[in-house]
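If you read the sequences in order, they're chains A and B. Heads up: the first sequence begins at 77 in this note's numbering, then just goes up one per residue. Heads up: the second sequence begins at 507 in this note's numbering, then just goes up one per residue.
Hints are computed from structural coordinates only; laboratory data are not their basis. What you are looking at is a predicted structure, and each value in this text was computed from that prediction instead of being measured. Where is the CB? At the ideal position from N, CA and C, for every residue including glycine. Warning: the hint list may mix true and false statements.
[Said to hold, decoys possible] Derived pair list, reagent style SDA-like, types lysine to any residue, alpha-carbon separation capped at 25 Å: (1) Lys237(A) <-> Glu759(B); (2) Lys237(A) <-> Glu943(B); (3) Lys237(A) <-> Gln593(B); (4) Lys859(B) <-> Glu943(B).
[Claimed, not checked] Simulated restraints on C-beta separations: (5) Arg1211(B) <-> Ser175(A): 53 to 63 Å; (6) Ile341(A) <-> Thr972(B): 56 to 66 Å; (7) Glu219(A) <-> Val838(B): 39 to 49 Å; (8) Gly1212(B) <-> Arg172(A): 43 to 53 Å; (9) Arg528(B) <-> Arg160(A): 37 to 47 Å; (10) Arg528(B) <-> Asp269(A): 46 to 56 Å; (11) Gly1040(B) <-> Ser175(A): 40 to 50 Å; (12) Leu671(B) <-> Leu234(A): 56 to 66 Å; (13) Ser1121(B) <-> Arg172(A): 34 to 44 Å.
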Amino acid sequence: MGSWVLGLAKQESIRSFENLAKTVMIHVRHLTKHYSDLQRGPIVALSDVSFDAFPGQIYGLLGPNGAGKTTALRILSTILRPTRGQVTVNGFDVVRQASEVRRQIGVVSANTAIYDRMTGREFVEYFGRLHGLDRATLQERIEAVFANLQMGASQDLLGSKLSSGMRQKVSIARALIHDPPVLIFDEATCGLDVLVARALLRNVAELRDQGKCVVFSTHIMREAERLCDRLAIVYRGRILAEGTLDSLREQYGEEDLEELFFQLIEGERCP
Amino acid sequence: MSLTSIRLIWFRELRDQLRDRRTIFSIAILPLVLYPLMGMVFLQVAQFLREHPTEVKLMGAAELATDPALVEGDRFAAAFCPPEESQLLNLTVSSWVLEEGETYAGRATAAIRGGPYDAVVVFPHSFSARLSAFRKHLCSAADDRDVGASELAAQIPAPEIFVNLANDKSRIARDRLERILQRWREAIVRETLRDSRFPIEATEPFRIQATDVSEESLRRAAVWSKLLPFIVLIWALTGAFYPAIDLCAGEKERGTLETLLCSPALRSEIVWGKLLTVTTFSTVTALLNLFSLALTGILLFGRLSRMGDVAMRVELGAPPLGAFFWLLVTIVPIAALFSGLALAVASFARSSKEGQYYLMPLLLIMLPLMTLPMLPAVELNLGFSMLPVAGMMLWLRALIEGEYLLAARHAVPVIGVTMACCWLAIRWAEHQFQSEEVLFRESERFGPRLWLRHLMRDRQDTPTATLAFGCGLLILMITFLASVQATAPADWSALATRVVFTQLGLIAAPAVLSAWLLTRRPGRSLLWHAAPRGSGLAAVALAVALHPWVLVLGTGIRRVYPLGEETLRALEPLVAAISQAPLWQVLLVVALVPAVCEELAFRGLILTGLRRLGSDTAAILISSLFFGLTHGMLQQSLAATLVGMLIGLIAVQTGSLWPCILFHATHNSLAIGAARLGEYVSTQGGLEWLVYEQVGPLGGELHYRGAVLLVSLMFSTLLLVWFRTLSRSDTVNS
């Protein structure tokens, strides 16, 4: 039944892909976030950031460390509150309807670890139940998700015994358990070896193909180049450029994304 | 909030903790092993102490040629020192004569400090001769006996025991020596009486007998009722703290907190789930420790009493079963209170290591509250019952001792205060989990210079909550230090000088300086705005309308927490000074100056800053607590806290300091007026329709008639409703 649910979702998504693509899933307008720092004074982590992301698309946030990607994604996942600006996810406001927003999203980030003293299966089951799934549906979803991620026997090992690749798989399973329309990956390949990272990117691409709206933040050009349908280049809390990869190449007359990226950042440093 | 989510989180955290070997060790294994181990060590130590004899030197043996002999050969005579005691005394006898320039004390001190001796007993020169002369005199003819007997007795030099009380062994040696010498003196008395043909019964014509009518179980309860609550509370706190650190700081460290925050569980559900977990562990830790300790205690004391050591034969049987029942009933709210506190404190910490540092301050705050009920004179009454933790402990004691009527009378305040504290602690924990600064605090470099620069550079329009807290604490500290240093003012002018100095220098100045230096808009920070139309008048009217109830409040507080004798004596000259000073001066110094200064500080800077916490209620509560605490005396503090809340409400509703100052000044003036009116009524009479007088601890107390109270209540309510209709001022900005 699990694969049936997934299959249904896939069919559904393909059938209504045209409609869905027109509906904005993530809507960010003038998002600004300040916080204070003893040494540096008030810090502007995000300044007037606006973008939209659609279902069946991977929206990439590309930027160096400390650019504000994680802050933006934490606001999207309602962990932080914006200082100014409006953010909606599937029509729900991240400030006023935070718990609704959390039902619409699955978050995988370098900061969302798994519990050491719980097995992978228990962990995913726990989050499934927090999402209010009933027992039968939950078991089906677990089987489906685990089969899809090829979890194997390691699902019954304690978190502390798992390799980082397996941990990441458990995290993805946790994010997918309630079949959310939006998935957020924040530096998700960080610390993974090439093989595991490659498998993860394949999983993300599959999710897009199922019609999910995926937001993918990274500082690795190749990942962004291979995966993202649209890209925002983020630097010092601002979006420097935004669009499809082709449109960016066209706009800046630069084929290589890495060159393009440096060009933009250099321009920002010495305007 | 969904109960299912809370239960899910609760059970998961429980399972998680139980899978941690460290937790199992500290909550279950440690108590079960620790107490028997401690008991064994204690037995060993007791044995060790008993088996070590003390070294005693006797100086001046030549002076002991008396009958009966105190010393036989190189030990005390068996009649005064039975063999089992004699074994524990290594006696060195020296027939020593004082040499030129030598003193008893010098020689004895040298023997203790330098030599192996724990105690030295010295029989001074001519002791024996004088004693014999006295005894001979008593044996002479009965008629001459009375003459000169006391002079002769006074001439007997006192034998002296030299000890070093800083040393426990020396102390034990003294006790043993005293027992032996006492028996010897009694023998001398007996012999002297016999020689002078006086019946020995004359020294003890009757005996005094004390009969303990308490039931054995109650006697046991009296010991346990002090011990058990203390142990349970200490362990409840410890048992709450470590899981709380793991559940907050530990999760932050391991990166799992953010995973949970992304789930649909509300922050309040997360807090409640964690709180229930911590409470469970706190309760279980306390109970396991209790169980293990009680068991070890029973075995240990049983063993000690069989061994027959007099000093150790404490009457401590098994704790009464009822004690466990009452402990079980009360442990849960106490554990919940501690858990809320521990969770809120632990959520500050970024790592488990940092969390450990927070245990000590929490313990230091709790410890006085836990030890207070152990003091001998402290018993359950209305005043103590309203103290958090201490009240609960006293209540528990009453229940264990079977004083159900007393416990029932205080059930409402004890349970009410505990519940209120629980609620506050849980709200605090919830607030911590809502706060980004707390959850995502990163390690920062910290230094005084950096911090001062930050204060100046990152000044905001109005004070931050931290600045408000800092200013409040500063005012509390300096007013306290000043009050400790100062001597009681001698007359009115000294009193007036002191009040004006405290108000201007120690209360208003810190607030005004903070606002001026550390905020961008000092006026706004101090609430220096125009008041809404009519609010000044309404504030004055409210102060007048509430005045009779303020008097009722004062009397009520003094009834619950009576003024101590010393306080009354200290207050008398002040009251006299105020009553004799010219009225305009009193009004200026005691009513107007404090109204302006205290309002600038407490409703100005502190309340404005605290409102940035996000809750006006919390801001009003905390600012009034600061306001109350600066008043020093408990009775005044309580009244001031309540009045402070009311002024806080006026400040928040009107957004201006003016109505607050007017209310405060009117309130103070009326208090002075009431004192003067009281004097007038008591000397001149009259005004019976309005007031009557009763004798209170500080002389005459003024009371308003019932009808006046009713009218005052009506007007106050109307005025308060009017204040509530004002649109609440918004001072919360970033």
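Against the structure, the hints come out as follows:
Taken as a hint, the Lys237(A) and Glu759(B) pair is honoured in the structure, with Cα atoms around 18 Å apart against an allowance of 25 Å. Distance check on the hinted pair: Lys237(A) and Glu943(B) sit about 33 Å apart at the alpha-carbon level, beyond 25 Å; violated. Of the supplied pair hints, the one linking Lys237(A) and Gln593(B) is violated, its CA atoms being roughly 65 Å apart against a limit of 25 Å. As the CA atoms of Lys859(B) and Glu943(B) are separated by approximately 19 Å, the hinted pair is consistent with the 25 Å bound.
The hint said 53 to 63 Å for the Cβ distance between Arg1211(B) and Ser175(A), and at roughly 57 Å that hint holds. Range check, Ile341(A) to Thr972(B): about 37 Å between beta-carbon atoms, so the 56 to 66 Å window is missed. Take Glu219(A) and Val838(B): their Cβ atoms lie about 41 Å apart, and the range 39 to 49 Å holds. Taking 43 to 53 Å as the suggested C-beta distance range, the pair Gly1212(B) and Arg172(A) conforms, at roughly 51 Å.
Look at Arg528(B) against Arg160(A): about 45 Å separates their beta carbons, and that is inside 37 to 47 Å. Between Arg528(B) and Asp269(A) the beta carbon distance is about 32 Å. The supplied range of 46 to 56 Å is therefore violated. The hinted window of 40 to 50 Å between Gly1040(B) and Ser175(A) holds, with their beta carbons roughly 44 Å apart. Here the CB-CB span from Leu671(B) to Leu234(A) is close to 60 Å, well matched to the stated 56 to 66 Å.
For the pair Ser1121(B) and Arg172(A), the supplied restraint of 34 to 44 Å is violated, since their beta-carbon distance comes to about 19 Å.
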